[in-house]
Amino acid sequence: GQQLNQSPQSMFIQEGEDVSMNCTSSSIFNTWLWYKQDPGEGPVLLIALYKAGELTSNGRLTAQFGITRKDSFLNISASIPSDVGIYFCAGRGAAGNKLTFGGGTRVLVKP
Amino acid sequence: DAGVTQSPTHLIKTRGQQVTLRCSPKSGHDTVSWYQQALGQGPQFIFQYYEEEERQRGNFPDRFSGHQFPNYSSELNVNALLLGDSALYLCASSLSLYNEQFFGPGTRLTVL
Numbered sequence: 001g002q003q004l005n006q007s008p009q010s011m012f013i014q015e016g017e018d019v020s021m022n023c024t025s026s027s028i029f030n031t032w033l034w035y036k037q038d039p040g041e042g043p044v045l046l047i048a049l050y051k052a053g054e055l056t057s058n059g060r061l062t063a064q065f066g067i068t069r070k071d072s073f074l075n076i077s078a079s080i081p082s083d084v085g086i087y088f089c090a091g092r093g094a095a096g097n098k099l100t101f102g103g104g105t106r107v108l109v110k111p
Numbered sequence: 001d002a003g004v005t006q007s008p009t010h011l012i013k014t015r016g017q018q019v020t021l022r023c024s025p026k027s028g029h030d031t032v033s034w035y036q037q038a039l040g041q042g043p044q045f046i047f048q049y050y051e052e053e054e055r056q057r058g059n060f061p062d063r064f065s066g067h068q069f070p071n072y073s074s075e076l077n078v079n080a081l082l083l084g085d086s087a088l089y090l091c092a093s094s095l096s097l098y099n100e101q102f103f104g105p106g107t108r109l110t111v112l
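Chains as they are written, first to last, in our numbering: chain A, 1 to 111; chain B, 1 to 112.
If you are wondering where the hints come from, they were derived from the structure by calculation, not from laboratory data. Computed from a predicted structure; not experimentally measured. A virtual CB, placed ideally from N, CA and C, is assigned to each residue, including glycine. There's no promise every hint is true.
[As the list claims (entries may be wrong)] Covered stretches of chain A (in silico footprint by chain B; criterion: 3 or more residues with CB under 8 Å from a CB of chain B, positions within the stretch not fixed):
#, segment
1, 35-47
2, 90-98
[What the hints assert, rightly or not] Distance ranges between label pairs, derived from CB positions:
#, chain 1, residue 1, chain 2, residue 2, range
3, A, Ala78, B, Arg63, 43 to 49 Å
4, B, Gly28, A, Asn30, 23 to 29 Å
5, B, Tyr98, A, Ile80, 31 to 37 Å
6, A, Ser7, B, Pro105, 26 to 32 Å
Model the full assembly from the supplied sequences, consistent with the hints where possible.
So this is what it looks like as structure tokens:
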């Protein structure tokens, strides 16, 4: 079945740093989504991308839908402590509204 | 405006038992999807309900079944529980089949 490979699996951030993560797929998706999940909560939608090549921003977050439709990346600029959490990419294909999720990128604070 | 709500929050069952989890969609939403999230992994799609019918199903055995009621709320039933069914079960709702999904806080199921 379809699989999304998300990297890195984890990263440490220092306040003010920029952060990047990406997601690749073996199959084409029509929509790419980025979610953030905090402990004890469900995923919260951050950004949705609907067209290949699309670049979309939401505050300090910027995401792009890859030209091949098989990848996407998320950037967080000038990170702050509340950016800590787990970020998931998700893809939606042509058939139905089923979401396929990546394994997540865990963002932690540098000690 | 209430978001997606799920009950119970936590549940402990033993192998072989059956469990029912409940979900109320966000106000105005008519479509409910269920996901299983094992510890340390991303959510996996179980199935989706629209107009009280199962519209799409992921790679889960028949032990997993569901229902949607006329008020759009939904139940997930799991029979003959296995240890591997221990996970966070997430419900997501959307306005119709093709709009973005909003997730509830989940039900943490532990099977002993």
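Under the constraints set out in the numbered hints, which ones does this structure not fulfil? Going through the list in order, the structure violates no hint and respects every one.
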